[in-house]
Amino acid sequence: MEYAISVLLSGISVGGQYALIAIGYTLVYGILRLINFAHGDVFMVAGLMGIYFTATMPIGVSIPLVIILTVVLGFTIERVAYKPLRDAPRMSVMISAIGVSYLLQNTATYVTGGQPMTYPSIPLLSDTISVAGTQTKWVVIITPVLVLALVLSLNLLINKTKIGMAMRAVSKDYETSRLMGIKINMVISVTFIIGSALAAVGSVLFFTNYPAITPTAGAMPGLKAFVAAVFGGIGSIPGAVIGAFLIGICETIIKGLPSAWDVSVFSDAFTFALLIVILIFKPQGLFGEAATDKV
Amino acid sequence: MKDRKKSFSAFIGICVLLIFVIILENISGFVPNVPQVLEPTSPLFTVLKKAAVYSLVAVTMNLLNGFTGLFSLGQAGFMLLGAYTYAILTVPTAMKEQVYYLFGGCAFDFSLLDMFEGIFGSSGAGGAVSMILACLIAIVLAGCVAGVFAYLIGIPVLRLKSDYLAIATLGFAEIIRAIFQWQKLGKVTNGANMIKGFPTFSSFNITDGAGNTILRLSTFVPFLISSVCILLIVLLIHSSYGRAFMAIRDDEVAAEAMGVNLFKHKMLSFVISSFFAGVGGALFAMYVANAQAKAFTSVMTYEILLIVVIGGIGSVSGSVIATFLYVACSEWWLRFLDSEHYIGSFKVPLLRNGFRMVVFSVVIMVIVLFFSQGIMGNREINIGALFKKRRPKAERKQ
Chain A
1 MEYAISVLLS GISVGGQYAL IAIGYTLVYG ILRLINFAHG DVFMVAGLMG
51 IYFTATMPIG VSIPLVIILT VVLGFTIERV AYKPLRDAPR MSVMISAIGV
101 SYLLQNTATY VTGGQPMTYP SIPLLSDTIS VAGTQTKWVV IITPVLVLAL
151 VLSLNLLINK TKIGMAMRAV SKDYETSRLM GIKINMVISV TFIIGSALAA
201 VGSVLFFTNY PAITPTAGAM PGLKAFVAAV FGGIGSIPGA VIGAFLIGIC
251 ETIIKGLPSA WDVSVFSDAF TFALLIVILI FKPQGLFGEA ATDKV
Chain B
1001 MKDRKKSFSA FIGICVLLIF VIILENISGF VPNVPQVLEP TSPLFTVLKK
1051 AAVYSLVAVT MNLLNGFTGL FSLGQAGFML LGAYTYAILT VPTAMKEQVY
1101 YLFGGCAFDF SLLDMFEGIF GSSGAGGAVS MILACLIAIV LAGCVAGVFA
1151 YLIGIPVLRL KSDYLAIATL GFAEIIRAIF QWQKLGKVTN GANMIKGFPT
1201 FSSFNITDGA GNTILRLSTF VPFLISSVCI LLIVLLIHSS YGRAFMAIRD
1251 DEVAAEAMGV NLFKHKMLSF VISSFFAGVG GALFAMYVAN AQAKAFTSVM
1301 TYEILLIVVI GGIGSVSGSV IATFLYVACS EWWLRFLDSE HYIGSFKVPL
1351 LRNGFRMVVF SVVIMVIVLF FSQGIMGNRE INIGALFKKR RPKAERKQ
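In the order they appear, the protein sequences are chains A and B.
The opening residue of the first sequence carries number 1 in our numbering; numbering runs sequentially from there.
The opening residue of the second sequence carries number 1001 in our numbering; numbering runs sequentially from there.
Derived from the structure by calculation, the hints contain no laboratory data.
Remember, predicted model here, so these are calculated numbers, not experimental data.
Treat the hints with care, since some could be wrong.
Unchecked claim - Covered, in the sense of this in silico footprint (three residues per stretch, anywhere, with C-beta under 8 Å from a C-beta of chain A), are these stretches of chain B:
#, segment
1, 1146-1159
2, 1181-1187
3, 1348-1360
4, 1363-1372
The C-beta atom is built at its ideal place from N, Cα and C for all residues, glycine as well.
All chains, please: the whole structure from these sequences, using the hints.
Now the structure itself:
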């Protein structure tokens, strides 16, 4: 029983961390119809920056700095690598995204020397607490709460503000909203800024619970978050969050199964199997709108 | 008539290339004091072998992405299937105990190599025949396994469009990798450990009784297999099927209206591409002399995709040229970026381990952003044109 609770708790917390990445995917896909392969690597870079900054600065300065610099990184990537290809075929933009991901991974290998880096223990987050008789870290409790708060405020932003309205318009119809005088580039930049900021917060939460960061550490969480976004219906924020929680919980349950079965190697494969099943049977996801292809 | 002339000159071109490779490889044995580049241990031959293998895989990816317009990212998964099929089928029975020591031997007590050695003998010409037959059959079977899997995967996946197809094929590659790393299958796949001890490229070097190499063929073999496979793919592209693929790429709806069976042709392209990717995987296993699931990650697929982009999406010769450039740069020419250098007493800044890949990825980004056509665009090199006498322009136009 205690074991079940601890598995469930860590599942919820992993799910929350995936949710923060998944929002970045779902927002960008909703507007640009682009799988931003570099998003997972932005997440990894945020983790590395966290390591370097906390080594020299107090936590109160370094974490906001990590978030700001990640936002700058996301913004720059969009401006340099995606904006020039706005009218190019979708495949070129995706290849550009893969190129950025390759660049970020190789740069990270260069800077770290390829060594796995351990994340510093952040006071409060890394402290242990006992819940229903099981020992766990504070981060496990804080993550879902923080995720919910962030998602609610993001929802407010999207539904109540002018820029949110513009974002919704652009994701509905790119061309028409451009004709209506919406500054497309500004809207896209805002999307990338929001996505990167959430990824930075996610990286702080994710890597405190993670043994080490390698240059490829972002790829897998990134892909899983993308699957979560597809699962929830791409373009839908609540969908992405629910999908992320489900995937996080399933994954920790698979990892927590008796080791005699030796199925933990399938924790990643399961996510992809889920993705394929969804794509075949319900391609619009749980909350997505059915897309109509115009000829 | 003109086509026949063209394919004849292409054939001659490939033969000349293969003979050149043999000479290049063996020149150090006949001519004393060759430059160090031509010694058998030189990076030149590593580059040539790896590039021969990669160019085949790049062309298979181009067949899908460039000629059929299917954005698939599953190439590493199919290579993995090919590599393991080849490895499992050719590890000699005597080696199995040692390779599978963690699992107490292999469940699959059969080796093509032993079978043929039983028929033709294991030394002299008989040994050569059994080696060639065993490797050839194992390579073809490696392709077949990849092709069968591609068929099964294709049934659900090929109904998806562009980026969903990409992510689904990527997912399948990851699933295949997880299955091959599963310890429960250890008796067949050796779990997460590598399979080794099977014939590699250097097994094809001809040696005399005392073990001295008489004729090196270790670079020639990958060149031969790759060029035959690429030739087959080119023939396919120029057939009516190839034209149907290109019609699908250019406009699915129009192609369907013209009577091209979309699903059938997509499946054909997917299966054939995967077949040759499986062959490429087998060759890759021969190149690195082991088969290990860990090597076939999505990073490998990305690498091949970037090669295809650099060469030009929709150009076979572009892919081949880009592969040789890419592999030569990453394995040889840019190696100096990875170690510290001094000019006089001045230490060149930034140079240390990993810098090569950073420079490399910047170059790739520049190509992707500013030269989206790649080296060749969608044109091809016409080997015949290189040897042809220059004719007046008006005549050439026809």
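Outcome of the hint check:
1. For the segment 1146-1159 of chain B, the stated coverage by chain A is satisfied: 3 residues place a CB nearer than 8 Å to a CB of that chain, which reaches the threshold of 3.
2. For the segment 1181-1187 of chain B, the stated coverage by chain A is satisfied: 4 residues place a CB nearer than 8 Å to a CB of that chain, which reaches the threshold of 3.
3. By the rule of at least three residues with a Cβ nearer than 8 Å to a Cβ of chain A, the coverage given for the segment 1348-1360 of chain B holds, with 7 such residues.
4. A count of 5 residues in the segment 1363-1372 of chain B with a Cβ less than 8 Å from any Cβ of chain A is obtained; the coverage claim is therefore met, three being the minimum.
Hint violations for this structure: none, all hints satisfied.
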